[in-house]
Amino acid sequence: MLIPVLLSGGVGSRLWPVSREAHPKQFLPLASEASMLQDTLARTQGLDAAAPVVVCNEEHRFMVAEQLREMAVNPDALILEPEGRNTAPAVALAALRALEADAESVLLVLPADHVITDPDAFVAAVAKALPQAQAGRLMTFGVVPTQPETGYGYIKCGEALADDLFDLEQFVEKPDAETAAAYLASGDYLWNSGMFLLNASTYMKELDAQAPAMAEQCRAAMATAVRDMDFVRPDAAAFRACPSDSIDYAVMEKTALGGVVSLDCGWSDVGAWSALWDVGARDDSGNVSKGDVVLEDSTNSYFRSESRLVAAAGVSDLVVVETADAVLVADRDRVQDVKKIVNRLKREERSEASLHHRVFRPWGSYESLIVSERFQVKRIVVNPGQTLSLQMHHHRAEHWIVVAGTAEVTCEDKVFMLGEDESTYIPLGHKHRLANPGRIPLELIEVQSGTYLGEDDIVRFEDVYGRSS
Numbered sequence: 002m003l004i005p006v007l008l009s010g011g012v013g014s015r016l017w018p019v020s021r022e023a024h025p026k027q028f029l030p031l032a033s034e035a036s037m038l039q040d041t042l043a044r045t046q047g048l049d050a051a052a053p054v055v056v057c058n059e060e061h062r063f064m065v066a067e068q069l070r071e072m073a074v075n076p077d078a079l080i081l082e083p084e085g086r087n088t089a090p091a092v093a094l095a096a097l098r099a100l101e102a103d104a105e106s107v108l109l110v111l112p113a114d115h116v117i118t119d120p121d122a123f124v125a126a127v128a129k130a131l132p133q134a135q136a137g138r139l140m141t142f143g144v145v146p147t148q149p150e151t152g153y154g155y156i157k158c159g160e161a162l163a164d165d166l167f168d169l170e171q172f173v174e175k176p177d178a179e180t181a182a183a184y185l186a187s188g189d190y191l192w193n194s195g196m197f198l199l200n201a202s203t204y205m206k207e208l209d210a211q212a213p214a215m216a217e218q219c220r221a222a223m224a225t226a227v228r229d230m231d232f233v234r235p236d237a238a239a240f241r242a243c244p245s246d247s248i249d250y251a252v253m254e255k256t257a258l259g260g261v262v263s264l265d266c267g268w269s270d271v272g273a274w275s276a277l278w279d280v281g282a283r284d285d286s287g288n289v290s291k292g293d294v295v296l297e298d299s300t301n302s303y304f305r306s307e308s309r310l311v312a313a314a315g316v317s318d319l320v321v322v323e324t325a326d327a328v329l330v331a332d333r334d335r336v337q338d339v340k341k342i343v344n345r346l347k348r349e350e351r352s353e354a355s356l357h358h359r360v361f362r363p364w365g366s367y368e369s370l371i372v373s374e375r376f377q378v379k380r381i382v383v384n385p386g387q388t389l390s391l392q393m394h395h396h397r398a399e400h401w402i403v404v405a406g407t408a409e410v411t412c413e414d415k416v417f418m419l420g421e422d423e424s425t426y427i428p429l430g431h432k433h434r435l436a437n438p439g440r441i442p443l444e445l446i447e448v449q450s451g452t453y454l455g456e457d458d459i460v461r462f463e464d465v466y467g468r469s470s
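FYI, in my numbering the residues of the sequence shown are 2 to 470.
One or more hints might be untrue.
[As the list claims (entries may be wrong)] Computed cross-link-like contacts, DSBU-like style, restricted to lysine-lysine with a CA-CA straight-line distance of at most 30 Å:
#	residue 1	residue 2
1	Lys206	Lys255
2	Lys347	Lys175
3	Lys432	Lys379
4	Lys157	Lys129
5	Lys379	Lys347
6	Lys291	Lys379
[Unchecked claim] Restraint-style ranges between C-beta atoms, simulated for each label pair:
#	residue 1	residue 2	range
7	Glu254	Gly315	42 to 52 Å
8	Ala51	Ala398	46 to 56 Å
9	Asp119	Ala398	22 to 32 Å
10	Ser317	Ser424	17 to 27 Å
11	Ala257	Leu356	44 to 54 Å
12	Pro244	Phe417	47 to 57 Å
13	Ile402	Ser245	42 to 52 Å
Think of the hints as simulated: they come from the structure by calculation, not from any bench. Owing to the predicted nature of the structure, the values given are computational and were not obtained by experimental measurement. Positions of the beta carbon are idealized from the N, C-alpha and C atoms, including for glycine.
Starting from the given sequences, assemble the full structure and let the hints guide the process.
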């Protein structure tokens, strides 16, 4: 049984301000109209594969579930890491889950934030490597390099096993420019993609041999995992005691069972804005533009508008990215430094480091339209069938005006419906709840008024998402 395993734990700080901790790049439509996670999953649908397993953190669980629901995909499991421990433990959790169903399971391990422009070539490479994985080899995908890239690690291929299949001789760290050029010229080196095809049983045996403490803690965490519908929650204490390491360091660099399949499919790990310029559709002047963008005499640049017009004249080799609350301007060759900006924002405790202007919640999203000293105006979107907590505020009252959809409102002991262009008032201190019983998103405008308008002025009495006090 072939099981796609999507690793969805990254933050993507080099793609700030679009990618942020609370809503990172894998959940965003950066390279197509679908999110990167959805694109990754779509690539596996050309394979004869079982239901996918997704490994993500607790905070992102409902975003993952919603994006899979949009694709009409029922996962085998959404494994929720209590804490990020790098890729080797994440793959171990998925392997243990897979072995519960089939001792011969093969895992197709895919980071959820990569771009592949030729999915047919990817599917063909998986099919070519699958017999090796079924026979017990731990296969990694090595991307055929197109240039002497210094931003990727490399894999040195050993003896040929068959067409495009090799023994894994050595992993190599990111090289300098001269070394990268030598790797390209030799023809023996491939880019390290971070994608794997692994026999689940073999992987756990090698983890036992190479990193026994990690294997032990992962087994302990899954042995007492709590299952809640599609969600699987490993034991938090056991998993936090697990050593943190990548699959490369913990297993692949040490095993004698490693193999490589050569992959030429237009791959990118989208580690920075320049990567989206590389894979994007450029105009005659070499520009990639997304959103409402007007250009005059500008060349070889990447422009992205999320909420308003972006105009540029007489510029070259830039990255310009606009969101509702931030604008990034960077030299295209210096986009790796965006992470330094994010670190500075964190040190200064600025919310822009982690939160978007539009904040996503398990039930939908909200965004602040106007913020003043004693009032705030928000746009709230509640997804079909979702319900907010039964709650109360000590310091603010709220007015709700429905602009689309149907709202079910609870206020103290009253429950009533509101349609479009109807409104209600929630007095300070009253228990209340908002729900969307309809089949389309519920949109409303909320006007808050009071002496304190912070998000922490909330007392939850009941909550379907497990957040009650």
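Verification of the hints:
no.: 1; hint: Lys206 to Lys255; in the structure: holds, 13 Å
no.: 2; hint: Lys347 to Lys175; in the structure: holds, 27 Å
no.: 3; hint: Lys432 to Lys379; in the structure: holds, 20 Å
no.: 4; hint: Lys157 to Lys129; in the structure: holds, 19 Å
no.: 5; hint: Lys379 to Lys347; in the structure: holds, 25 Å
no.: 6; hint: Lys291 to Lys379; in the structure: holds, 27 Å
no.: 7; hint: Glu254 to Gly315: 42 to 52 Å; in the structure: holds, 49 Å
no.: 8; hint: Ala51 to Ala398: 46 to 56 Å; in the structure: holds, 51 Å
no.: 9; hint: Asp119 to Ala398: 22 to 32 Å; in the structure: violated, 56 Å
no.: 10; hint: Ser317 to Ser424: 17 to 27 Å; in the structure: violated, 51 Å
no.: 11; hint: Ala257 to Leu356: 44 to 54 Å; in the structure: holds, 46 Å
no.: 12; hint: Pro244 to Phe417: 47 to 57 Å; in the structure: holds, 55 Å
no.: 13; hint: Ile402 to Ser245: 42 to 52 Å; in the structure: holds, 48 Å
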